[in-house]
Structures are given as structure tokens and as C-alpha cells.
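**Student:** Residue strings, one per chain:
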Amino acid sequence: MSDLGRIGWTFLWLSFISIGGGLGTMPEMERQAVAVHGWITAREFLDGYTLSRLTPGPGMLVAVFVGHRALGVAGGVVAGIAMFVPAALIAAAVARRWQTVRARPWGRTVERTLGPIGLGLTAAGVVTLARSALVDAWAAGIALSAALILLPGRVPPVAVMIAAGLAGALAARYL
Amino acid sequence: MTLVFTWIGLSSLGGGRSAYFYDEVVARRGWLRTDEFLQDFALSQMLPGPNFSNLAVALGYRLCGLPGAAWALVALVGPGAVVMLGLAVLYGHGWLGPGLETPLRWMSAAVVGLVAITAGRMIQTALRGGTAVLLAGLVFVGVGLLRLPAVPVIAGVAGLGLWLNRPRPGEAGA
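From first to last, the protein sequence lines are chains Z and Y.
In terms of this note's numbering, the first sequence is residues 1 to 175.
In terms of this note's numbering, the second sequence is residues 1 to 174.
Looking at chain Y on its own, in the form it has when it is part of the complex:
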């Protein structure tokens, strides 16, 4: 299991890819059923903290209990963290400096295109209903456009959302 999670961590260049997990753990090895995976996926989206590592921890926990969860985290984040620290040291020494300035700028611009696509896809798949659009819109305007502190904005919108989405007696299948 450690090997598989390390491999997923290393191969997830350019940002976490939950689909890798699905391929490795469900499709190829059959360690989990699809519905178990989807449950852990939904959970990892909801919990605070980085989604991708949350997913790894939830899956690792399901597979091997607490040791599984611990190893999942180390295997997934550890290698990347070491590389990142190395890059930060190089950057700090200015070795990623003058000659590489334009390439870095252009890569950053490409990243903006990339994250715009990612965000667009997420919104297209997951944003459903007037209440959801209202909540997402308020957060976007507050945190993105007005650059307000995120914590009060999240707290306020969460309060509003919990009230708007409050359980109603007549609702089936809640």
C-alpha cells in the first residue's frame, strides 16, 4: 500500500488528481468498491484541510486503519514536500533568479489558465440550484473581488447557507 500511495504522490504532477486514486485502488487492484471510494471522496471534499491528502488519509484508514492513514499521508505528501523545500532553498539563493525570470513568469501565466479551467469544471459539475449560486457568488465577490478576510466571509455565508438549507419536515430522502 505504501508503494502505491508513494507512486500516486509522485505521479500527481501539477496538482492532486483524485482520479489516480480511483484507478489504482478501485479499478486496478480492487481494494475498495466504487461506492466506498465515492463516500471517502465526498468526505474529503467536505472536511477542512487539503482535499487530496484528506482523501488519501480516508482511503488509507479504510484499508489499514490508523497506520494506513499515517502512511498514506507521509507517502503522498512527503516526497513533494521535500522537493518543494529544495526548490524554496534554490529560490532563496537566487538560483532560480535572473535567467529564469521570464520562463517563470510565463509558467505562472499558464498556471492561471490552468486553474481557471479547473475552477470552471468544478463549478460546471457541482454548482446546482439558486441557493448554491447565491452562496458561491457571495464568497467569490467577498474573498475574490473585494479581498475581504476569508474567515468572517466564510462564517457569514455558512450561517446564511445553513439557514437557507435547513432541514424541512416535508423533505423526502434527507
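With the rest of the complex left out, here is chain Z:
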């Protein structure tokens, strides 16, 4: 398989195991990109995820970042298409039939099974990111402060990220 094909295939199946949200895909995406294929380092993956949170649109755009690091612009485009388009086709196809499926008993069984799996994956995603990000006491302190500020739900997440970035710039200069 060509490198481009390998990128397309990897992100295609990653998109299909993303149950319950983008965050839940991060453990396996990181494993594939860092450990299995060696496209990027764990640090770069974390940087990419952080940038994707600063970018409009879904956090899973980190796929574009990984693809680009692996194989340039073509890699980024292929990764993005593989991640979003086939899954969207399925969503469109299922959307019309969903009501009938849901009414059946096994529809409920599937919902009750995939729901908790998605939640477990999401929690695992937090661990994956924390493993690379919490390198010292500073980082741990910032993560904790950010969580406390965001807990009431009044401050937009992006404001907290930008504040952390500015604080980091000041720290780099004066500490």
C-alpha cells in the first residue's frame, strides 16, 4: 500500500471506531500515528490537538494535522476526507431509517451498549492527552486551574486556552 493509501485507510477506520465523540478517538489515533506508523511524536500529536481546539470546527481536525506531518499537504487532505466524508455518507443514509430501527428492541440494546463504550473512550482520551501534556508541576497546575475556571460553565473554553497561552508567553520571558 502506498503511503497516501495507508493514511487514508487508517483515518477511515479510525472514523468508524469514533463512538461517542472525537475525544474518544484520540487514544487509538495517537497510538496509530505515534507508535504504529511513526508519523509524528507524542508531543507533536498533542500540539496538533491543541491547535485543533483553537481552530473552528470539530477537534477531530487533528487528523488533517497528522496527515500533513506524515506526507505534506496531500496527506492532510486525504486524512481529512477519509475522516469525515465516508462517516457522513453513512449518517445521511441512516438518518432516514433511524426512526424505524430505534423502535425495535435491539435498537435499544445497541444504544445502551454503544453509549457507555463512548463514555469510556472519552475518559480514556483525557488520559491520553494528560500523559503527554502534564510534564511538570506547572502544567499540572494550569490543567487544574483551567478545569476549575471552566467548571461553572460560564467562561468560553477558548478564552481559557488563550489566557494560558499568554501566561505561557510571559512565563517564557520573565521566569
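Any given hint could turn out to be false.
Computed beta-carbon distance windows for the label pairs [as the list claims (entries may be wrong)]:
id, chain 1, residue 1, chain 2, residue 2, range
1, Z, 159, Y, 89, 23 to 29 Å
2, Z, 72, Y, 27, 39 to 45 Å
3, Z, 171, Y, 130, 43 to 49 Å
4, Y, 33, Z, 9, 35 to 41 Å
5, Y, 137, Z, 38, 30 to 36 Å
Derived coverage of chain Z by chain Y (criterion: at least 3 residues anywhere in the stretch with Cβ under 8 Å from a Cβ of chain Y; other residues may be distant) [as the list claims (entries may be wrong)]:
id, segment
6, 88 to 97
7, 119 to 132
So the derived list for chain Y, only partly shown, Cβ under 8 Å to chain Z, looks like this [as the list claims (entries may be wrong)]:
id, residue
8, 57
9, 69
10, 76
11, 80
12, 81
13, 83
14, 103
15, 108
16, 110
17, 111
18, 113
19, 114
20, 123
21, 139
22, 144
23, 145
Hints are computed from structural coordinates only; laboratory data are not their basis.
Beta carbons: idealized from backbone N, C-alpha and C, even for Gly.
Given chain Z, work out where chain Y should sit, using these hints.
**Tutor:** Frame of chain Z; chain Y shown alone:
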């Protein structure tokens, strides 16, 4: 419709916000009823693939059929994808390099706080019952703590979950 979806895509900084969709499509414009929205929302959570774009596609499909679904995806993901590619190019050239290293590290740390809150909220709202806790816990330990490959873990836990949650004859309202 294209304009609204593009706007939602652009304004969803820091990760997808399904609530934006609700405000724009149901509350402000009245294109859909709340129960229609909730159905599409439940669907987008279940389907494989990024939830936020799945929701856009399902809503777009309901509003304008297949063209609506296609435009929803392009409008929602396109702009962000272009920005992300641009940032990746800058990063690749090292222009987001030495001077910005500490700010990026600190932002990453803030992201960990952010995702921890997000995950906590999701679990608090949606995790109900002993079976659900067991399934979520197995996935968390396997994929998160032990760093096992996700596919076999998901497959195994899904099998267990389907069996534990199997339809029972006596159950009402299934």
C-alpha cells in the same frame, strides 16, 4: 442554510457545540421541532464518525435532502480544515517553534483541564446503571490506562454489552 451552517462551523471554536445547532435551527429559525432535533442528536451520537459533523449531516438531510447533507458537511468542516492545514504548514516550517513553545505547552495543559471537564459532564449526564458503569469502566481501563489497541477492546466490550443488554421478553416499552 449554507450560510447558517458555515456560521456554526466558524463559531464553534474550541470544539463542536451541538447547542449552537439547537439555537440556530430550532430556537431562532424554527426549521425543525425540538423532538426532531433530539432524534438527530441521538443518532449522531450513536453513529460511527465525528459526532458534530454527523449531526450536521443528519440535520442537513432532514432540511434539504442529500444536497443539504453534502452542504452541511462542507460548510461545517471545510473552513476549519483549511485553517488546520494552514496551521500544520506553519508548524511544519517551525514558525510555531521556539518562541511559541512555552505558550503552546501551557495551552496544551489548559486543554487537558478542558477535556477533563467535558468528559466529566458527559459521564455525569449519560452514565446510568451498573451495566453501563461496567462497560465504560472496562473500555477506560483497557484503552486509557493499559493502552491496549482500541478495536479489540471495543469489539469485546460491545459483545459483552449486547449480551447484557439483550432484549428481554418481559421488558415494557422496548
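**Student:** Once the shortest beta carbon distance from residue 80/Y to chain Z is found, is it less than 8 Å?
**Tutor:** holds, 2 Å
**Student:** Hint residue 139/Y vs chain Z: min CB-CB distance below 8 Å?
**Tutor:** holds, 3 Å
**Student:** Are there three or more residues in the segment 119 to 132 of chain Z whose C-beta lies closer than 8 Å to some C-beta of chain Y?
**Tutor:** Contact hint for the segment 119 to 132 of chain Z vs chain Y: holds, 13 residues under 8 Å.
**Student:** Using C-beta distances, would you say chain Y covers the segment 88 to 97 of chain Z, given that this needs three or more residues below 8 Å?
**Tutor:** It holds: at least three residues are needed, and the segment 88 to 97 of chain Z offers 7 whose Cβ sits within less than 8 Å of chain Y.
**Student:** A range of 30 to 36 Å was offered for this pair. Does it hold for the Cβ distance of residue 137/Y and residue 38/Z?
**Tutor:** holds, 31 Å
**Student:** At the C-beta level, are residue 33/Y and residue 9/Z separated by a distance inside 35 to 41 Å?
**Tutor:** holds, 40 Å
**Student:** Would the stated hint for residue 111/Y survive a check requiring a Cβ distance to chain Z of less than 8 Å?
**Tutor:** holds, 5 Å
**Student:** Would the hint on residue 110/Y stand, with a C-beta cut-off of 8 Å toward chain Z?
**Tutor:** Holds, about 4 Å.
**Student:** Does the interface hint hold: is residue 57/Y within less than 8 Å of chain Z, judged Cβ to Cβ?
**Tutor:** holds, 4 Å
**Student:** Under 8 Å is the threshold here; is the Cβ of residue 108/Y close enough to any Cβ of chain Z for the hint to stand?
**Tutor:** Nearest chain Z Cβ about 4 Å off; hint holds.
**Student:** Mind checking the hinted window 43 to 49 Å against the Cβ distance between residue 171/Z and residue 130/Y?
**Tutor:** With Cβ atoms ~46 Å apart, the hint holds.
**Student:** Please verify that hint: residue 76/Y, Cβ, nearest Cβ of chain Z, below 8 Å or not.
**Tutor:** Since chain Z brings a Cβ to about 7 Å from residue 76/Y, closer than 8 Å, the hint holds.
Hint compliance for this structure: every hint is met.
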